[in-house]
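Given the sequences, and given the hints that come with them, work out the whole structure.
The listed protein sequences derive, respectively, from chains A and B.
At position 58 of the first sequence (counting the first as 1) the number is 58 in the working numbering, and the numbers step up by one without a gap.
At position 222 of the second sequence (counting the first as 1) the number is 222 in the working numbering, and the numbers step up by one without a gap.
Among these hints, one or two may not hold up.
Here are the simulated DSBU-like cross-link-like pairs (lysine-lysine), alpha carbons at most 30 Å apart as the crow flies [claimed, not checked]: (1) K77/A - K148/B; (2) K208/A - K286/B; (3) K191/A - K148/B; (4) K148/B - K27/A; (5) K415/B - K208/A; (6) K208/A - K191/A.
Chain A is faced by these chain B residues, among others (derived, beta-carbon under 8 Å) [claimed, not checked]: (7) G145; (8) A154; (9) I155; (10) F161; (11) I162; (12) L165; (13) L169; (14) F194; (15) D222; (16) Y281; (17) K284; (18) V285; (19) R290.
Some but not every residue of chain A turned toward chain B, in silico, with C-beta under 8 Å [claimed, not checked]: (20) I111; (21) L116; (22) H144; (23) Y148; (24) I151; (25) E152; (26) I155; (27) L158; (28) S159; (29) V162; (30) K191; (31) I192; (32) L204; (33) S206; (34) L207; (35) D209.
Think of the hints as simulated: they come from the structure by calculation, not from any bench.
Don't be surprised by glycine CBs; every beta carbon is placed ideally from N, CA and C.
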Amino acid sequence: MIDVLLITLLITLFYMAIANRLMTYIKVLAIQGVLLFVVAFVQLEEINPLNLGFILLETIVVKAMVVPFFLVYILRKNNITREAEPFVSNFFSLIITTLIVVLTVLLSNTIQEAHLDKIFFIVAMSTLFFGLYLIATRRKIITHVMGYLVIENGIFVLSLAVGNEMPMLVNLGIMLDIFASVLILGIFLNKIGDVFKDVDVQQLNSLKDV
Amino acid sequence: MILTYLIGALIIAIGISVNRNKWVNYSLAGIFLLLQWTFTIYACFHLNETDLGYFTYDSLGILLLITLSIIAIPATIHSKIYVENHHESGAVRAIYFLSMVGLITAIGAGYLANHIAVTWIFTEITTLSASALIYHHRNKLALEGTWKYVFICAISITFVFIGILFLSLSIQQSGTGHMSYSSLLERAPMMNPFWLRLAFLFIFTGYTVKLGLVPMFTAGVDAKDKAPAPAGALLSSVLMNLGFVGVFRMYIIVANTPLHHWANLVIGISAFLSLFVATVYMIKVKNIKRMLAYSSIEHMGLVMLGVAAGGIGYYAAILHIILHAFVKSSLFFQFSQVYRVFQSKSIYQLGNYFKYNTTGAMVLLLGFISAAAMPPSGLFVSEFLIFRSMFEAHQLVLLIAVLLLLTMIIWAFGKNILKILFIPPVGFNENNVPRISPWESVTQFVLLALAVYLGLNPPIEFVHLIEESLILLPH
Chain A
1 MIDVLLITLL
11 ITLFYMAIAN
21 RLMTYIKVLA
31 IQGVLLFVVA
41 FVQLEEINPL
51 NLGFILLETI
61 VVKAMVVPFF
71 LVYILRKNNI
81 TREAEPFVSN
91 FFSLIITTLI
101 VVLTVLLSNT
111 IQEAHLDKIF
121 FIVAMSTLFF
131 GLYLIATRRK
141 IITHVMGYLV
151 IENGIFVLSL
161 AVGNEMPMLV
171 NLGIMLDIFA
181 SVLILGIFLN
191 KIGDVFKDVD
201 VQQLNSLKDV
Chain B
1 MILTYLIGAL
11 IIAIGISVNR
21 NKWVNYSLAG
31 IFLLLQWTFT
41 IYACFHLNET
51 DLGYFTYDSL
61 GILLLITLSI
71 IAIPATIHSK
81 IYVENHHESG
91 AVRAIYFLSM
101 VGLITAIGAG
111 YLANHIAVTW
121 IFTEITTLSA
131 SALIYHHRNK
141 LALEGTWKYV
151 FICAISITFV
161 FIGILFLSLS
171 IQQSGTGHMS
181 YSSLLERAPM
191 MNPFWLRLAF
201 LFIFTGYTVK
211 LGLVPMFTAG
221 VDAKDKAPAP
231 AGALLSSVLM
241 NLGFVGVFRM
251 YIIVANTPLH
261 HWANLVIGIS
271 AFLSLFVATV
281 YMIKVKNIKR
291 MLAYSSIEHM
301 GLVMLGVAAG
311 GIGYYAAILH
321 IILHAFVKSS
331 LFFQFSQVYR
341 VFQSKSIYQL
351 GNYFKYNTTG
361 AMVLLLGFIS
371 AAAMPPSGLF
381 VSEFLIFRSM
391 FEAHQLVLLI
401 AVLLLLTMII
411 WAFGKNILKI
421 LFIPPVGFNE
431 NNVPRISPWE
441 SVTQFVLLAL
451 AVYLGLNPPI
461 EFVHLIEESL
471 ILLPH
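This is the structure:
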């Protein structure tokens with residue numbers, strides 16, 4: 001069951017790699033949020049209401065609802081064109097994503113570790129590197145925020161792999177991280193939309209030396 | 001007590017944000033300084049006691065907390081001068097002081113945290129409060145700087161979190177998952193080296209954004225350039241020290257495992273590359289504020305070279321970050337006055353500073369001598385000790401390369417500073433140069449003098465505290 005869910009998560013990455021429209025990205029992010037909730041729910045050994053509520057809040061409410069709605073709101077408000085405008089072709093993107101997954105599989109095969117579920121590790125690391133790749137190859141600033149969210153999803157999977165030993169405090173930290181960064185990034189993204197007419201990273205190059 | 005401190009700071013912050021009256025804001029900032037110092041003095045009398053479960057008043061934390069509290073006073077005074085000179089509106093001023101209080105509190109609590117996740121959380125909070133300070137001017141460039149800072153910090157802080165997850169994997173064989181620094185240290189020899197390696201790499205890379213080393217240094221430079229000078233002073237002194245605390249506490253754990261030499265290698269490579277990058281940019285850069293920021297990167301590179309060399313280098317590293325905080329914050333405070341005279345940051349438009357503001361020019365000259373580590377600067381002592389530790393560690397080739405780079409840095413730094421001090425600027429209208437009261441420079445002289453005093457004639461308690469903070473490292 002968990003394997004199927006995790007592999008579905010992996011497939012969403014491939015879908016994201018070749019998607020053309022920003023709305024598709026947002027929908028994929030919402031789906032990933034739901035998937036993460038189911039994975040966490042199945043993975044949970046004992047149902048502790050507090051813990052469950054926390055995961056529910058973190059995945060369904062924040063990752064699958066609040067953040068996507070917020071991104072759609074930003075998209076509408078700033079009249080951002082709906083194309084993702086990657087620097088590289090879709091075919092090339094697909095190849096790179098495949099390479100990322102293959103490399104993480106190879107990396108995980110070198111690990112001799114009884115405590116770790118390898119599929120969690122593979123999915124987490126692939127998601128992580130894919131997020132970085134997304135940031136590096138997309139032109140719009142809003143896609144950078146989406147890349148960051150993909151990285152956050154990877155970390156969520158990784159923290160599930162580590163097991164239930166993570167203290168509450170760390171969970172709290174994740175929440176803080178997501179809330180703070182997305183809100184701050186969103187607020188500044190709004191500002192960037194107001195100040196710079198086109199929301200494109202090429203415009204953010206005034207701060208430099210010589 | 002730390003609970004009182006955090007709640008007190010929160011109440012003061014709320015007070016500042018709801019009341020936009022000028023004098024209420026200033027008096028609340030004053031009350032915060034009082035709270036900060038009460039807390040610092042309380043911490044000094046409760047050495048090595050744990051508070052609230054997650055905070056310990058250990059020697060490293062206390063040393064840096066005192067540094068923070070000392071720098072917080074001039075930072076507040078110069079902030080007041082700054083907002084008055086810019087005739088800021090009530091809302092802007094309130095947000096400024098609010099973020100300042102938030103930043104100082106988060107840094108202080110981050111120093112004292114004894115749990116790796118707590119250090120991480122407070123580092124995250126510093127990003128949030130610093131971003132409000134960087135965005136102070138609300139123009140296009142400030143927005144760009146803030147965006148880059150927030151984004152790169154968010155990614156880096158995420159890296160630290162991944163590191164913490166790997167660390168918890170590495171201790172799974174040894175029972176409980178409690179991750180305070182002391183319990184991690186106890187179990188250091190039993191850790192799984194593979195996961196520990198990954199954990200150290202990620203945590204180190206993540207904290208370099210605050211510490212100002214390769215690879216994540218870029219965000220900090222933009223931030224210090226766009227933030228108001230008094231805030232820039234905090235960003236390039238005490239906030240960098242928070243990054244150092246994050247790396248150093250992790251380093252202590254790794255140093256007690258067989259991976260000690262590997263960790264030294266990682267730190268050494270990053271430190272040397274930082275020095276190299278700092279040299280390249282110091283030679284090219286034409287913006288004095290960015291030049292000061294790159295000089296901070298150079299100093300942090302030296303500090304980490306000291307840590308990598310070991311021996312007396314540990315002592316020198318801690319001495320160096322404290323003295324560097326005093327010197328660099330004083331230079332940033334002085335920059336505020338330079339900007340008021342010339343209304344520019346570009347080296348081309350600055351010059352003949354001695355004529356327009358003699359006291360400020362003295363600060364700039366003495367600050368340059370201090371930052372370039374020429375005697376009688378205290379930094380001379382710590383840099384000399386760092387070089388000695390590298391010599392004793394038989395890193396001769398590296399030492400020679402570092403000395404060559406430093407020579408170039410001092411040449412570039414000196415060329416620019418002396419140009420500002422003595423050579424008349426082209427096309428500068430002298431008629432409306434404001435007169436700057438010499439009293440505004442007093443705090444800067446005090447900071448510089450403190451750096452000399454602590455370097456040349458350190459009080460016995462100071463030396464004792466530094467030595468105690470190194471006690472957990474293998475000898």
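Cross-check of the supplied hints:
1. K77/A - K148/B: Holds, at roughly 22 Å.
2. K208/A - K286/B: Holds - the C-alpha atoms of K286/B and K208/A are around 10 Å apart, at most 30 Å.
3. K191/A - K148/B: Holds, at about 14 Å.
4. K148/B - K27/A: holds (26 Å)
5. K415/B - K208/A: At roughly 21 Å apart (the allowed maximum being 30 Å), K208/A and K415/B satisfy the hint.
6. K208/A - K191/A: holds (21 Å)
7. G145: holds (6 Å)
8. A154: With Cβ-Cβ at 4 Å, under 8 Å, it holds.
9. I155: Result: holds, 7 Å to nearest chain A Cβ.
10. F161: holds (6 Å)
11. I162: Status holds, d = 6 Å.
12. L165: holds (5 Å)
13. L169: Because about 6 Å separates L169/B from the closest Cβ in chain A, which is inside the 8 Å limit, the hint holds.
14. F194: This interface hint holds because 7 Å falls under the 8 Å limit.
15. D222: holds (5 Å)
16. Y281: holds (6 Å)
17. K284: Interface hint status for K284/B: holds (5 Å vs cutoff 8 Å).
18. V285: holds (5 Å)
19. R290: Holds: closest Cβ of chain A sits about 6 Å from R290/B, inside 8 Å.
20. I111: Constraint on I111/A satisfied, holds at 7 Å.
21. L116: Hint on L116/A: holds, closest Cβ of chain B at ~7 Å, below 8 Å.
22. H144: Hint on H144/A: holds, closest Cβ of chain B at ~6 Å, below 8 Å.
23. Y148: OK, holds: Y148/A within 8 Å of chain B, min 6 Å.
24. I151: With a minimum Cβ separation of about 6 Å from chain B (threshold 8 Å), the hint on I151/A holds.
25. E152: At 7 Å from the nearest chain B Cβ, E152/A passes the 8 Å test, so the hint holds.
26. I155: With a closest approach of 6 Å, the I155/A hint holds.
27. L158: holds (5 Å)
28. S159: holds (6 Å)
29. V162: Since the shortest Cβ distance to chain B is 5 Å, the answer is holds.
30. K191: holds (6 Å)
31. I192: Check passed: Cβ of I192/A comes within 6 Å of chain B, closer than 8 Å.
32. L204: holds (5 Å)
33. S206: holds (6 Å)
34. L207: Hint holds; L207/A Cβ to chain B Cβ min 5 Å, cut 8 Å.
35. D209: holds (5 Å)
In this structure, none of the earlier numbered hints is contradicted; all agree with it.
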